[in-house]
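There are 2 protein chains.
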Amino acid sequence: MSFIAETQRAVKWYPPAYDIRIEDQPIPQLQEPDDAIVKVTLAGLCGSDLHIYRGHGGVESPIICGHEFVGEIISLGKSFHYGVTGRPEGYAELKVGDKVIAPFTVSCRECHSRCVHSTLFGSPSLPGGQAQYVRVPKAGGTLFKVDSITSLLPPSESGRGLEDSSLLLLADILPTGVFAAIQALQHPRIAPFVQGTPFPYNGYIPSGLLAENPVPLPQEDRSLTVAVVGLGPVGICATVSLLDMLTDLRRTSALQYRVVAIDPTEARRSKMQSVFAAISEPTDAGSFVVASIEEGKEVISQWTDSLGCNVVLEVVGNNSALTLAYDLIRPFGLISSVGVHSSPPVPYTGKQLYDKNVSFDFGRCPVRATLPFAAKLLLKRQDIFGGVGEEASLVDKIVGIEEAKEVYEEFDKGRCGKVLFNPWK
Amino acid sequence: MSFIAETQRAVKWYPPAYDIRIEDQPIPQLQEPDDAIVKVTLAGLCGSDLHIYRGHGGVESPIICGHEFVGEIISLGKSFHYGVTGRPEGYAELKVGDKVIAPFTVSCRECHSRCVHSTLFGSPSLPGGQAQYVRVPKAGGTLFKVDSITSLLPPSESGRGLEDSSLLLLADILPTGVFAAIQALQHPRIAPFVQGTPFPYNGYIPSGLLAENPVPLPQEDRSLTVAVVGLGPVGICATVSLLDMLTDLRRTSALQYRVVAIDPTEARRSKMQSVFAAISEPTDAGSFVVASIEEGKEVISQWTDSLGCNVVLEVVGNNSALTLAYDLIRPFGLISSVGVHSSPPVPYTGKQLYDKNVSFDFGRCPVRATLPFAAKLLLKRQDIFGGVGEEASLVDKIVGIEEAKEVYEEFDKGRCGKVLFNPWK
Chain A
150 MSFIAETQRA VKWYPPAYDI RIEDQPIPQL QEPDDAIVKV TLAGLCGSDL
200 HIYRGHGGVE SPIICGHEFV GEIISLGKSF HYGVTGRPEG YAELKVGDKV
250 IAPFTVSCRE CHSRCVHSTL FGSPSLPGGQ AQYVRVPKAG GTLFKVDSIT
300 SLLPPSESGR GLEDSSLLLL ADILPTGVFA AIQALQHPRI APFVQGTPFP
350 YNGYIPSGLL AENPVPLPQE DRSLTVAVVG LGPVGICATV SLLDMLTDLR
400 RTSALQYRVV AIDPTEARRS KMQSVFAAIS EPTDAGSFVV ASIEEGKEVI
450 SQWTDSLGCN VVLEVVGNNS ALTLAYDLIR PFGLISSVGV HSSPPVPYTG
500 KQLYDKNVSF DFGRCPVRAT LPFAAKLLLK RQDIFGGVGE EASLVDKIVG
550 IEEAKEVYEE FDKGRCGKVL FNPWK
Chain B
150 MSFIAETQRA VKWYPPAYDI RIEDQPIPQL QEPDDAIVKV TLAGLCGSDL
200 HIYRGHGGVE SPIICGHEFV GEIISLGKSF HYGVTGRPEG YAELKVGDKV
250 IAPFTVSCRE CHSRCVHSTL FGSPSLPGGQ AQYVRVPKAG GTLFKVDSIT
300 SLLPPSESGR GLEDSSLLLL ADILPTGVFA AIQALQHPRI APFVQGTPFP
350 YNGYIPSGLL AENPVPLPQE DRSLTVAVVG LGPVGICATV SLLDMLTDLR
400 RTSALQYRVV AIDPTEARRS KMQSVFAAIS EPTDAGSFVV ASIEEGKEVI
450 SQWTDSLGCN VVLEVVGNNS ALTLAYDLIR PFGLISSVGV HSSPPVPYTG
500 KQLYDKNVSF DFGRCPVRAT LPFAAKLLLK RQDIFGGVGE EASLVDKIVG
550 IEEAKEVYEE FDKGRCGKVL FNPWK
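Heads up: the protein sequence lines correspond to chains A and B, in order.
So for the first sequence, the numbering used here puts the first residue at 150; every next one is plus one.
So for the second sequence, the numbering used here puts the first residue at 150; every next one is plus one.
Calculated from the structure, these hints are not laboratory results.
Keep in mind that this is a model prediction, so the values were computed, not measured.
Ideal placement from N, C-alpha and C gives every residue a C-beta, glycine not left out.
Errors might be hidden in some of the hints.
From chain B, some residues computed to sit far from chain A (all C-beta separations above 12 angstroms) [to be verified]: (1) Thr156; (2) Glu238; (3) Gly246; (4) Arg338; (5) Arg400; (6) Ala427; (7) Trp452; (8) Asn467; (9) Pro480; (10) Asn506.
Taking lysine to aspartate or glutamate pairs in the EDC-like style, the calculated list, with each CA pair at most 20 angstroms apart, reads [as the list claims (entries may be wrong)]: (11) Lys500(A) to Glu430(B); (12) Lys161(A) to Glu172(A); (13) Lys574(B) to Glu551(B); (14) Lys574(B) to Glu259(B); (15) Lys500(B) to Glu209(A); (16) Lys505(A) to Glu551(B); (17) Lys188(A) to Asp247(A); (18) Lys505(B) to Asp247(A); (19) Lys574(A) to Glu552(A); (20) Lys161(B) to Glu552(B); (21) Lys525(B) to Glu430(B); (22) Lys574(A) to Glu259(A).
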């Protein structure tokens, strides 16, 4: 039995804003039978942490920050004891000592899709992961065993370990990117391009009401134009996910695609370019452009004869991004929004939404359901999801937890990319 | 050749509001090769006509009203001449003398799904159908031959004619109702209930990234709760369409459903009850309730243990309805909105939409694509879509066009249901 101190170091945010302190805190204890205590090996700083940091999160008391972490289970509640049945497999499978990824929200896995218990780590309801230890509720549903990812590696690589800095991307940003892309390609207004049959012949069709057989969409109608708005780490993950799916679709269908990835910040566009250079497959003839806002508008207008694009992946989380997304899409288009939005009213009139037949999918990724897909992409793309501080890496650097105050400032001002905290350094 | 007068009678609206006049107008002429001139036999008065009537449509000059009409082709442009190829079949098939339904918008059928030429009849861009004659642009794509509906009748009934008052429901309200329902059941956030597999396993899945096989949803997770908000004629059509689809699904799957149809107006609830009594199939065990707003909230709360419903079909078109829809749905739910909204900003903050993972599909039905489905439902449900003025009929009465001013007033004040104009009476 290893010695465990009574207190731990943790990153705390104090209201009203911009006040980060690294403090001694009690080590969390098991409270419920479904709980696990995880010793954190790495925790991420995420763009959406800045909502709270800047005081836009509506949070009024101090909290332990962070919703991205990987670590090791050091303690499990009674639900994990031998003989408990009828629960998600995690309650039988997880053991003390297991290496795990915590999705950014609690997921019971006892309800469908987006968990009704979806509590966010690093919120007033649940202390976060920028700490040495974290209590994980509903842990048998929530935690994802790292073993189940590395077992997917081909036998020739089965000895290869995945770095914690890579695994950490599965806590939030890569599943969120996969989610933004997949919910767009599955949407009934976009599925015609993907499946090649016109609306409404993609999905459930009333069996007693079968109408004329659908005429397959002609080649010239299978050109899908997508804009990604926001090229922070999640936006890059969304773009990589989307391009992977579109390339996949081109293998077996006549789909054509054109993607423009838009951000006003030069450094972010430059990172996106480096990532694209690392992943682009020369056999693929889809179009991809990285652009400023003005350039992006111009490109879409040229590509679509001023009609607008079919899909916007909105990965920013403010009203400028929502307004831009509206301006960019064509009638019957979709805005797949995973940006974390705050208190201002959304910038649309009902008439605008009606007249343009706009569809929206807002909100948080059902991360536990999406994580297995993201894990496969993580394995496939270790060139970008595997390194730290390289030109095409998503992770910029790893710092000790004691540097958190400075790093929050730096990140808030756009002076660094994605940063991870080692809580033991 | 029949004698045609130089002028016709038409219903005109004058700004700023509430000013309806029945006037002599020039008979429209062919302007483009794709045009048809249709002699109107019946025209509908629709709830969305009231937006213009009340001065909420942003219209600043007089217009000929109406976007629902059936009639007979009296003249066709050059695109319909023998030998023209490569166009939608209508250009080869339509003939002078054909009985036709005009969907409420122009649809070229040369682009996919929601037509980019989607011009609304009875708008500043295009004179409407509450008149003796109408010019129909892109007529080979737009007009729907009545023959193609009656040919769907079983041989034993092939002699049965469909009344114009029934066919007119295919111009807008029945396809719009079908659309509201089908786009909801096809949505990736709702498809799990319909298909029985969890998100994201309904629709496109990246082939290289197949994750763990999905566990089929257990029976208790296949209970779909739907609210219809607004029981005007379109809301009733949406409810009938939805119930038809849900009954269809129950035949082949374990889907359970509960539907609450909500309207604050007693007369509308009463009509909905009569329609439901006419269509309900005693073999089906889904739940259906008609409710006031407060009753509706209470029912959903009871049914879902305060969680909220999965889908709201919003068939009103104002901010009270949008607010109610938000309050009624659970996280990861869908608001399928076909209400015609006007200039106020929508009543949501970004935080509300993010936190609840709300999806929306806004806007106008791609009516030409949905019309064949609606036609089958029309044939199947002549008990409600076939009569005029009966307890379960959707059409309340047919009046002469000269009575339009009084009828607009009556309809605006909720003193009558759906009214049709006979422009020759």
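Evaluation of the provided hints:
Consistency note on Thr156(B): stated as away from chain A, and its beta-carbon is indeed over 12 angstroms from all of that chain's, at 33 angstroms minimum. The non-interface label for Glu238(B) is inconsistent with chain A: the shortest C-beta to C-beta separation is roughly 10 angstroms, within 12 angstroms. No beta-carbon of chain A comes within 12 angstroms of the beta-carbon of Gly246(B); the shortest separation is about 23 angstroms. Listed as outside the interface, Arg338(B) is inconsistent with that label: its C-beta sits roughly 7 angstroms from the nearest C-beta of chain A, within the 12 angstroms cut-off.
With a least beta-carbon separation of about 8 angstroms from chain A, Arg400(B) fails to lie farther than 12 angstroms from that chain, contradicting its non-interface assignment. No beta-carbon of chain A is positioned within 12 angstroms of the beta-carbon of Ala427(B); the least distance is around 18 angstroms. No Cβ of chain A comes within 12 angstroms of the Cβ of Trp452(B); the nearest lies about 15 angstroms off, and the non-interface call holds. Residue-level check failed: Asn467(B) sits 8 angstroms from the nearest beta carbon of chain A, not beyond 12 angstroms.
Distance check on Pro480(B): its Cβ comes as close as 6 angstroms (rounded) to a Cβ of chain A, failing to clear the 12 angstroms threshold; non-interface status is violated. For Asn506(B), the condition that its CB be more than 12 angstroms from all CB atoms of chain A is violated, with the nearest at approximately 3 angstroms. Pair hint Lys500(A) plus Glu430(B) does not hold up; C-alpha atoms about 38 angstroms apart against a cutoff of 20 angstroms. Proximity of Lys161(A) to Glu172(A) is assessed by CA-CA distance (about 7 angstroms); at most 20 angstroms being required, the pair is judged to hold.
In summary, the hint linking Lys574(B) to Glu551(B) is supported, as the alpha carbons are separated by about 8 angstroms, within the 20 angstroms threshold. As the CA atoms of Lys574(B) and Glu259(B) are separated by approximately 37 angstroms, the hinted pair breaks the 20 angstroms bound. For the suggested pair Lys500(B) and Glu209(A), the alpha carbons sit about 16 angstroms apart, so the restraint of at most 20 angstroms is met. Between Lys505(A) and Glu551(B), the direct Cα distance comes to roughly 35 angstroms. Violation of the 20 angstroms bound is thereby established for this hinted pair.
Distance check on the hinted pair: Lys188(A) and Asp247(A) sit about 10 angstroms apart at the alpha-carbon level, within 20 angstroms; holds. A hinted pair counts as satisfied when its Cα atoms are at most 20 angstroms apart, and Lys505(B) with Asp247(A) does not qualify at roughly 33 angstroms. Taken as a hint, the Lys574(A) and Glu552(A) pair is honoured in the structure, with Cα atoms around 10 angstroms apart against an allowance of 20 angstroms. Proximity of Lys161(B) to Glu552(B) is assessed by CA-CA distance (about 12 angstroms); at most 20 angstroms being required, the pair is judged to hold.
As the CA atoms of Lys525(B) and Glu430(B) are separated by approximately 18 angstroms, the hinted pair is consistent with the 20 angstroms bound. Among the hinted pairs, Lys574(A) with Glu259(A) is inconsistent with the structure: their alpha-carbon atoms are about 37 angstroms apart, more than 20 angstroms.
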